[in-house]
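Which chain is which? The protein sequence lines are A and B, in order.
Residue numbers for the first sequence follow the numbering used here, beginning at 1 and rising by one.
Residue numbers for the second sequence follow the numbering used here, beginning at 445 and rising by one.
Be aware that a few hints might be false.
Here are the simulated lysine-lysine pairs, DSS-like style, with alpha carbons at most 30 Å apart [to be verified]:
no.: 1; chain 1: A; residue 1: Lys231; chain 2: B; residue 2: Lys534
no.: 2; chain 1: A; residue 1: Lys394; chain 2: A; residue 2: Lys19
no.: 3; chain 1: A; residue 1: Lys237; chain 2: B; residue 2: Lys534
no.: 4; chain 1: A; residue 1: Lys37; chain 2: B; residue 2: Lys534
To give a feel for the contact side, a few chain A residues facing chain B, derived at Cβ under 7 Å [to be verified]:
no.: 5; residue: Gly25
no.: 6; residue: Glu209
no.: 7; residue: Asp220
no.: 8; residue: Leu233
Under 7 Å between C-beta atoms, here's a sample of chain A residues computed to sit facing chain B [said to hold, decoys possible]:
no.: 9; residue: Arg23
no.: 10; residue: Cys24
no.: 11; residue: Arg196
no.: 12; residue: Ser205
no.: 13; residue: Ala208
no.: 14; residue: Val214
no.: 15; residue: Leu215
no.: 16; residue: Lys231
Note that these hints are calculated values from the structure, not bench results.
Idealized CB from N, CA, C, for every residue including glycine.
Here is how the chains run, residue by residue.
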Amino acid sequence: MTDDSIYAKLLLQRDAVNKWMERCGVRFGIYKNGSFKEQIFPFDAIPRVISAADWQTLSRGLAQRVMALNAFLKDVYTKRSIIRDGIVPADFVFSSKGYLPQCEGIIPPADVFSHISGIDLVQADDGTWFVLEDNLRVPSGASYPLIARDLTRKVSPETFADASVLDNRDYASLLRRVLDDVNVSSGLEVVLTPGRYNSAFFEHSYLAEKAGVVLAFPDDIFVEDDLVYYKGLLNKKERVGVIYRRISDEFMDPMTFEKSSLLGIPNVFSAYRKGNVAIVNAFGNGVADDKGIYYFVPKMVKYYLGEEPILRNAPTYLPIFPDDYKYVIDNLPTLVIKDVAEAGGYGVMFGRDMSAERLDQVRAMIKADPRRWIAQEVINFIDLDIMDGDSTVKRKSDFRAFVLSGKNTEVWPSGLTRFTRDPKSFVVNSSQGGGFKDTWVLAK
Amino acid sequence: MKYLNLAISPAKADRLYWLGRYAERAILSLHLLRRYCNADIDADSHSPLETFATLMGVPTAALKSGNFVADYLYSTENLSSIASTLAAAKNNAMLERNDIKTEVLAYVELAVNTLEAAKANNAGVFELQPVSDYLMSFWGAVGEYVRSRAVRNILTIGRCVERLDVMIRFCYEPERIASVLETLESVDEAELALCDNQTIDYLRKMAAMPEASSEALSKLNSLFAA
Numbered sequence: 001m002t003d004d005s006i007y008a009k010l011l012l013q014r015d016a017v018n019k020w021m022e023r024c025g026v027r028f029g030i031y032k033n034g035s036f037k038e039q040i041f042p043f044d045a046i047p048r049v050i051s052a053a054d055w056q057t058l059s060r061g062l063a064q065r066v067m068a069l070n071a072f073l074k075d076v077y078t079k080r081s082i083i084r085d086g087i088v089p090a091d092f093v094f095s096s097k098g099y100l101p102q103c104e105g106i107i108p109p110a111d112v113f114s115h116i117s118g119i120d121l122v123q124a125d126d127g128t129w130f131v132l133e134d135n136l137r138v139p140s141g142a143s144y145p146l147i148a149r150d151l152t153r154k155v156s157p158e159t160f161a162d163a164s165v166l167d168n169r170d171y172a173s174l175l176r177r178v179l180d181d182v183n184v185s186s187g188l189e190v191v192l193t194p195g196r197y198n199s200a201f202f203e204h205s206y207l208a209e210k211a212g213v214v215l216a217f218p219d220d221i222f223v224e225d226d227l228v229y230y231k232g233l234l235n236k237k238e239r240v241g242v243i244y245r246r247i248s249d250e251f252m253d254p255m256t257f258e259k260s261s262l263l264g265i266p267n268v269f270s271a272y273r274k275g276n277v278a279i280v281n282a283f284g285n286g287v288a289d290d291k292g293i294y295y296f297v298p299k300m301v302k303y304y305l306g307e308e309p310i311l312r313n314a315p316t317y318l319p320i321f322p323d324d325y326k327y328v329i330d331n332l333p334t335l336v337i338k339d340v341a342e343a344g345g346y347g348v349m350f351g352r353d354m355s356a357e358r359l360d361q362v363r364a365m366i367k368a369d370p371r372r373w374i375a376q377e378v379i380n381f382i383d384l385d386i387m388d389g390d391s392t393v394k395r396k397s398d399f400r401a402f403v404l405s406g407k408n409t410e411v412w413p414s415g416l417t418r419f420t421r422d423p424k425s426f427v428v429n430s431s432q433g434g435g436f437k438d439t440w441v442l443a444k
Numbered sequence: 445m446k447y448l449n450l451a452i453s454p455a456k457a458d459r460l461y462w463l464g465r466y467a468e469r470a471i472l473s474l475h476l477l478r479r480y481c482n483a484d485i486d487a488d489s490h491s492p493l494e495t496f497a498t499l500m501g502v503p504t505a506a507l508k509s510g511n512f513v514a515d516y517l518y519s520t521e522n523l524s525s526i527a528s529t530l531a532a533a534k535n536n537a538m539l540e541r542n543d544i545k546t547e548v549l550a551y552v553e554l555a556v557n558t559l560e561a562a563k564a565n566n567a568g569v570f571e572l573q574p575v576s577d578y579l580m581s582f583w584g585a586v587g588e589y590v591r592s593r594a595v596r597n598i599l600t601i602g603r604c605v606e607r608l609d610v611m612i613r614f615c616y617e618p619e620r621i622a623s624v625l626e627t628l629e630s631v632d633e634a635e636l637a638l639c640d641n642q643t644i645d646y647l648r649k650m651a652a653m654p655e656a657s658s659e660a661l662s663k664l665n666s667l668f669a670a
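The shape of chain B in the complex, shown without the other chains (with noise of 0.2 Å):
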């Protein structure tokens, strides 16, 4: 192993990895949540909320009720939710505010009050690219701030699984699925190493089989929490 920081507890990369998973996907969620939205204004038979909703694994009884788009934006009853999703962010990231900086924490802190301030106002999702840019600009300041190469390594390995994840799931073309492996691939092999010598296979199994990403994404939410 080239590189480890030893200062780096089982607990505390165990939240890093969650907080990168739970900041891209919020920005995975409002964005491909727009794009059907956006389809969804020239639908006639098929609905592509429900296709969002199925390919995306959330809860769809708010379909019925013509609900759904506030209620996946807003509820925090609803835990896919994109408010819970941020919450969870949020959780974490206060937690590490030492590792990654308060000027990082601070852009989670900015898309949870906007995301706030546009449910009192009943905005509606293409009023909430604020909330994209400032995460956006969160893993921006990762790469400007955080000085702990294993502490954005672990952030990254986040990031990337949640990618794999939700691309797999929308079928994202095989070129761009490898350009997150490679992403992948290029994190430290000592941080990679703390998965363990099968995380990689597991990452390709899930690129080439989706029928095995559950039992794949299962192995690497654990991988931290030993």
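If we strip away everything but chain A, and leave its shape as in the complex, we get (with noise of 0.2 Å):
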């Protein structure tokens, strides 16, 4: 950091940032030692900042990437030809546990399965930029950027009167936007959340508020002759058109999945199947996020879209091809290796921290069962700035961009860029401990 870099007035006020963001209640819930506990979510103020030029490539590439995943999900709960024409393995989408053959069939309105596309990105030192995973089901972080570019205007506009930032705080009207494409009978548009007690509810609170929608709990929802209502006062009823649910498939209907599920609206699927209710994102669309259908996607988009990938997978070694895994059984130490069923951060391990013992017995697992794990090379990304007291130190740090898709494919302008404080760390998700940053995208 240097005093004429362009965010030097925001450090000055980085403690009123933070003061405001305690004041909003901008926090994430943790589960520690089987307790649950709120805690602010670290604020760094300083930004990452993405050129203009950078920008231009990237969201083409965003872009380009969902619709072809968009074209995925379609084609493979309908024709499957990309299964057909041998680019993607039957087995990997059939064995994937997000394929939902409750799904078969069934087309949402507009033809779109992933509204809210999280896409994970990392930055090598080179400046090249490689997706990390699609995030597709039920991707969260937009909020914590959202609100930050709205206090940081607050607490220091001359930053923004000086610097050159594409504003981000339409992130609510895209979504609304999302929303009102694909509502069935211009009916109520709800954030359904399982509770306080997620993780993210200051997210679907927040969202919801800004979005101008209703926030609903799941006994608020009921299903009745295959339409959905909402649960007014004194017995009445309003229908509901859109729910942009933050509940996972498996929990979002017992009749349908997970029996035990409390969380869930009973017979929302069967509602959901006959169109007559919208689900942001859609069922079944955990088969395309899958670790390791990742592999797959530059290929998709050659396949659906006709053009050359824009954007890069990070090098990856699928165990079930026997050159692949050769090659992850060979060079395992120099590896991430990473468990398909896992998100959030679990299930990643690195073969450099691992003893001699610890790597036989990955290779023993991945031998077990090679569908179960993708390796990929670790990519040196870029470090970036944080502030640690008055002075700035390294740390590794991804990026979330966000992807909204109704009538149109719009990436937005901005996204969650977490750090891991840890400086040992490459894990930076939030429930393990690491922070986050507003990302500023140059308008020139």
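Each of the two chains sits in its own frame; use the hints to bring them together as a complex.
Take a look at the structure:
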């Protein structure tokens, strides 16, 4: 950081920003040692700055990727041409935990499966961006840079008068437009939250507030004759046209999925199947953001769009392929191994951190169930400056971009930058103690 | 019914009602505690704090140890304390952020944070005026930011019911009690009808016969919980 950085004036006000965060209750929940705690999400005032040129490439690449993923989802639940044509092995689709046979033949309103896509990227030392993973089920995090920008503009307006930063405060409008685009029967639009003990409850309530839609809890919604209703006062009911659900597929409907779920809405899947309600994001998207399917996304771009992929995947190996299996077993100490069934930074193992004994155990696990694992080269991604008291230190970070798809596909000119506070760690997830930054996209 | 916002579920209405009650209870508790602590300065044979505790219906065990005020202000184990009351207000406010707006919720957060800081400094009740100020600001902000008339009305019902309860317990003048009833009666009939047709009768009964308060309160508290 230098005194002439474009965010220098903002840094002088960083305590004020954090006070505003506290005042506005910007928190996330975390379960630790069996108990739930809410804590302030540590905010670092130094933004990640993305140049206009970088953003031009990134935004085109992100839109391209999400369009291909939406085409893939429609295809695998209907014609399955990508499997027939040998681009993606059938086993990878049908053995994915995210593949829901119940969704076969269902095409959601406006043909959109992934309305809110969170694409995680990192930037390598040489400036190249790599996609690390696609999150097409319930990606969270947009609310944090959204409120951070609102508050930083409040405490340091001169920073934004001097710097030419694209405004990101239209996220709620973009979200609302998506909900309007897919709304069935002009019904009520709701954000469905599992409740305040969900780690992202702040986000659920804040997005509902800013988008001007109803925040609903599971008990507020019911299904009658395959139509979805919001339970009003005096036994009144109001038709629901779209549910922006923040609950995983398996818990959404105890009549179709996990029978013990208390969070779901009985029979909502049946209403969805009949086209009587839009679900954002659609059921069954997990098949496309499976860590194994990730390997095939560049191929999907070529297959569905007939275009060269603009964004690159991190170099990835699938042990189910014999050549990749051999490479992974031979090079395990230099690779990062990921369990395809895990998320949130869990199930990630770095070969370099393992003892010889542990490496052998992991080799055995890969041998026993090669479909369960992927391996990636460790990308030496750029360290970002974060404030540590009055000085700065370098820490690992990633970037989650948000792509919103309704009648059009739009990339939000911002995103969530997460960083690790542990100097030795590459894991940036908030659930594992990381903090966040605003992401500035420069206009010129 | 003139007006009814159907996007208010019974559970939401219940939370708004209790947010109104808890926020108002914190204001009144602080106000009355200050008044009785002030009287305690000149007290000789009688104990104003004991009177306060009895009228408020809160545990009196801490009176003997001389720790009543700190316990009533800050104890998180004492469910009647100001800290517990504010925590309950915050719990309801957090869940209703999208209806009351972040700007309004912020005043509850500020009151809670200020009380926690005061606890860390062993501050006395006379140093807690900022907590009262934030809570009064909360009510001002409700009028300013909350767009839904139904939401404002339900908050107001909670506020008025709490005021009536406390004012009756502390034997306020009939004119003051009548003015709260008047405010309550000015709430749109749609929301009052949510209660049921006997609501106002119950409230009137509370004002006229303090001994009926307990039954009336129980009835009122169950209005939105259906």
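For the pair supplied as a hint, Lys37(A) and Lys534(B), confirm whether the alpha-carbon distance does not exceed 30 Å. Distance of about 15 Å is within 30 Å: holds.
Would you check whether Arg23(A) satisfies its interface hint, that is, whether its CB is within less than 7 Å of any CB in chain B? holds (5 Å)
Holds or violated: is there a CB of chain B closer than 7 Å to the CB of Asp220(A)? Given a least distance of 4 Å, the restraint on Asp220(A) holds.
Should the hint that Ala208(A) touches chain B count as held when the rule is a Cβ pair under 7 Å? holds (4 Å)
Glu209(A) was flagged as interface toward chain B. Is the shortest Cβ-Cβ separation under 7 Å? Cβ of Glu209(A) sits 4 Å from chain B, so the hint holds.
Interface hint compliance - Arg196(A) to chain B, C-beta minimum distance less than 7 Å: Hint on Arg196(A): holds, closest Cβ of chain B at ~6 Å, below 7 Å.
Min Cβ distance, Leu215(A) to chain B: is it shorter than 7 Å? holds (4 Å)
Given the hinted pair Lys237(A) and Lys534(B), is their Cα-Cα distance within 30 Å? holds (28 Å)
Classify the hint on Cys24(A) as holds or violated, based on whether any CB of chain B lies nearer than 7 Å to its CB. Holds. Min distance 5 Å.
Please verify whether Lys394(A) and Lys19(A) have alpha carbons no more than 30 Å apart. holds (24 Å)
Restraint satisfaction for Lys231(A) [CB to CB of chain B, less than 7 Å]: With Cβ-Cβ at 5 Å, under 7 Å, it holds.
If you draw a straight line from the CA of Lys231(A) to the CA of Lys534(B), is it 30 Å or shorter? With a Cα-Cα distance of about 24 Å, the restraint between Lys231(A) and Lys534(B) holds, given a limit of 30 Å.
Comparing the model with each earlier hint shows no violations; every hint is respected.
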